[in-house]
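Chemist: If you want the building blocks of each chain, they are given just below.
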Amino acid sequence: AQSVTQLDSQVPVFEEAPVELRCNYSSSVSVYLFWYVQYPNQGLQLLLKYLSGSTLVKGINGFEAEFNKSQTSFHLRKPSVHISDTAEYFCAVSSPFFGNEKLTFGTGTRLTIIP
Amino acid sequence: EPEVTQTPSHQVTQMGQEVILRCVPISNHLYFYWYRQILGQKVEFLVSFYNNEISEKSEIFDDQFSVERPDGSNFTLKIRSTKLEDSAMYFCASKLNTEAFFGQGTRLTVV
Numbered sequence: 001a002q003s004v005t006q007l008d009s010q011v012p013v014f015e016e017a018p019v020e021l022r023c024n025y026s027s028s029v030s031v032y033l034f035w036y037v038q039y040p041n042q043g044l045q046l047l048l049k050y051l052s053g054s055t056l057v058k059g060i061n062g063f064e065a066e067f068n069k070s071q072t073s074f075h076l077r078k079p080s081v082h083i084s085d086t087a088e089y090f091c092a093v094s095s096p097f098f099g100n101e102k103l104t105f106g107t108g109t110r111l112t113i114i115p
Numbered sequence: 001e002p003e004v005t006q007t008p009s010h011q012v013t014q015m016g017q018e019v020i021l022r023c024v025p026i027s028n029h030l031y032f033y034w035y036r037q038i039l040g041q042k043v044e045f046l047v048s049f050y051n052n053e054i055s056e057k058s059e060i061f062d063d064q065f066s067v068e069r070p071d072g073s074n075f076t077l078k079i080r081s082t083k084l085e086d087s088a089m090y091f092c093a094s095k096l097n098t099e100a101f102f103g104q105g106t107r108l109t110v111v
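In order, the protein sequences belong to chains L and B. Note that the first sequence covers residues 1 to 115 in the numbering used here. Note that the second sequence covers residues 1 to 111 in the numbering used here.
Please keep in mind that the hints were generated in silico from the structure rather than gathered at the bench. Careful: at least some of the hints might be erroneous.
Said to hold, decoys possible - Derived lysine to any residue pairs resembling SDA-like cross-links, with alpha carbons at most 20 Å apart:
(1) L:Lys-49 / B:Asn-97
(2) B:Lys-78 / B:Glu-44
(3) B:Lys-42 / L:Gln-10
These numbers were taken from a predicted model, which means no experiment stands behind them.
Build the full structure now, drawing on both the sequences and the hints.
Modeler: Put into structure tokens, the structure is as follows:
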């Protein structure tokens, strides 16, 4: 079974400051890793994904994440946040072995940008 | 850009009533999913659907739930007799290979 832990339920950050949202996963097999963003009253939008290859992946809106297999982590970072980044961020994992594999989500981190 | 469409956006129903949540996945996608998010909690997997049959379902997806893809485009989730604890945001998702695309969700309120 796979699981995802997002230790920080809420992260307040001043505008233009850097941010890191932490994600750790547990799996007995190889994984695909994802970060989704949920803006208020909207659905889930993919920010970025790690499938294989380079451990540093870049996504939309200036976000990036680094896959660290030894620490089983996939932390999300942005060097300078904007008010529009206020949202809920979900880390998710799936297995690469079957095409129909479901996503297992973490509990989410609410990012609040302080002007 | 193609998107997953869900209707209605909000649904209020009385306990014990049947509800059908509708989704139009992206047209060339092969895998279809329903997830739910109870207010303040994480997004939970309900069921996956491939090749016109359920490929996996969670413990939440009991006999009160069913899914259909009746006409090759729509993908529906039916709850036969709703309970108060079914109140949640329900998300449909579809996938071609590695990336799942989500709809905007249907907020179901059972009163």
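Chemist: Evaluate each hint against the coordinates.
Modeler: We went through each hint and held it up to the structure:
1. L:Lys-49 / B:Asn-97: holds, 13 Å
2. B:Lys-78 / B:Glu-44: The given pair, whose Cα atoms are some 17 Å apart, holds under the 20 Å limit.
3. B:Lys-42 / L:Gln-10: holds, 14 Å
The structure is consistent with each of the numbered hints, conforming to all of them.
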